[in-house]
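Peer 1: Sequence:
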Amino acid sequence: MAQNLFNKGQGFEIMRKDSGFTLMELMVTIAIIAILAAIAVPNFIGWLPNYRLRSAAGDLHSVMQLARLRAVKENARVVVSFDTGNDEYEAFVDNGEGGGVGENNVRDGTERIVMSGEMPAGVDMYAAAFFGGLGSRTRFDGMGLPSGFQGSVFIKNNQNRYRKITLSSAGNSRIESSTDGINWD
Numbered sequence: 035m036a037q038n039l040f041n042k043g044q045g046f047e048i049m050r051k052d053s054g055f056t057l058m059e060l061m062v063t064i065a066i067i068a069i070l071a072a073i074a075v076p077n078f079i080g081w082l083p084n085y086r087l088r089s090a091a092g093d094l095h096s097v098m099q100l101a102r103l104r105a106v107k108e109n110a111r112v113v114v115s116f117d118t119g120n121d122e123y124e125a126f127v128d129n130g131e132g133g134g135v136g137e138n139n140v141r142d143g144t145e146r147i148v149m150s151g152e153m154p155a156g157v158d159m160y161a162a163a164f165f166g167g168l169g170s171r172t173r174f175d176g177m178g179l180p181s182g183f184q185g186s187v188f189i190k191n192n193q194n195r196y197r198k199i200t201l202s203s204a205g206n207s208r209i210e211s212s213t214d215g216i217n218w219d
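Each number in the numbering used here comes from the position in the sequence shown (counting from 1) with 34 added on.
Note that these hints are calculated values from the structure, not bench results.
All C-beta atoms in this analysis are idealised placements derived from N, C-alpha and C, irrespective of residue type, glycine included.
Derived CB-CB ranges, DEER-like:
#: 1; residue 1: Gly136; residue 2: Gly80; range: 47 to 57 Å
#: 2; residue 1: Gln193; residue 2: Glu59; range: 36 to 46 Å
#: 3; residue 1: Asn120; residue 2: Val75; range: 24 to 34 Å
#: 4; residue 1: Ala163; residue 2: Ile64; range: 49 to 59 Å
#: 5; residue 1: Gly176; residue 2: Asp214; range: 33 to 43 Å
#: 6; residue 1: Asn77; residue 2: Gly136; range: 45 to 55 Å
#: 7; residue 1: Gly119; residue 2: Asp214; range: 19 to 29 Å
Build the full structure now, drawing on both the sequences and the hints.
Peer 2: Right, here's the structure in full:
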């Protein structure tokens, strides 16, 4: 026999009594969330340094490609400088603007910065070597070529994973990885 839910408000009282969570259900739910968090947090902590390393390698690759494109667009020399002591990099148009000296491979005056950045926490830019006497700098001419200044930038994270960003004599850059800093993939 069907019960009329509108008789004397009984149906609404029944619905109110049966809705919601009990304290036991709430405690079980919190326990499950805590167990899942205990499993996920160590994996996340292990994943984060490698993510930061990949991201930093991508940024260095991007700054080289952007400098190359800007050199072609403006038909000017663009220098990319890597400061391994401070884990920083910058690309700038080396045209002597603002009282600077043009084409001296040093940012002076108000020469325009194309892109700059620094390594994320836990990532070390431990070496940068380019041929042609520029040391930790490379440059692109108006044709997008590194003018004989090819070389590599080396970074690593605190888990001893390595990345090498190599600039070829044609102006192309690539990212290689290593687990020992010697053998590269």
